[in-house]
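Could you build the full structure based on these sequences and the hints that come with them?
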Amino acid sequence: PSGTNLKSTIDRALRMMQKAGEVQIPSVGYWKILPANTEVNAAETPISEISIQPEERASDTIFDETLADVVIGQGAGCVYLYYLPTYRDRAEERGENRWPCKIGRTEQNPLQRILSQATTALPEKPFVAVVFRTNYSAALEAAFHAVYTLRGLAVQDAPGTEWFLTSPEEAIALAKTFDSSGFDSPG
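Just remember that our numbering sits 811 ahead of the position in the sequence shown, which is counted from 1.
Keep in mind the hints are simulated off the structure, nothing from the lab.
Please note that the accuracy of each hint is not assured.
[Claimed, not checked] Result set (PhoX-like, lysine-lysine): computed pairs, CA atoms no more than 25 Å apart in a straight line:
#1 K843 x K830
#2 K936 x K843
#3 K913 x K987
#4 K913 x K936
Listed below in structure tokens is the structure:
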């Protein structure tokens, strides 16, 4: 309650459990607590032997660009587009080229931001389709939201105001109209 970062505390505890062989990571952002093979007596391990690493700051975390399908532009911040694969699959079954996509922004690691929103609230792992690197993430996000809202593509019953009927290709084309030189090619 006095400024403790709950997510970091839980992540640290899970990393300690992973070192002890009590947890597996089947995929990024997902933890699997393994069944106990033996009883553990907490009194057997003195607190002085428990190693707690200094908390990682999000700004120190390097963004692994292989975790997004396409990364375009350069800059300290980013705007990201992700969706649930089920939404894309249903749209394709109906012959549609748009489906609900979340467009958000962060000045930190976009994957951490996405997983902090989605890992417990969604029935499947989100697909990070596009990350637009930029020094103007707030302006770029606002531009996306404004254009999609004016086009009537905001998803009305979505939790939050950042879901739009679009596609990664459509978002990339729109970003190029905002900044043709900054979003020319992936990289």
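Here is what the structure says about each hint:
no.	hint	verdict
1	K843 x K830	holds, 13 Å
2	K936 x K843	holds, 15 Å
3	K913 x K987	holds, 19 Å
4	K913 x K936	holds, 13 Å
Going down the numbered hints, you'll see the structure goes against none, and every one checks out.
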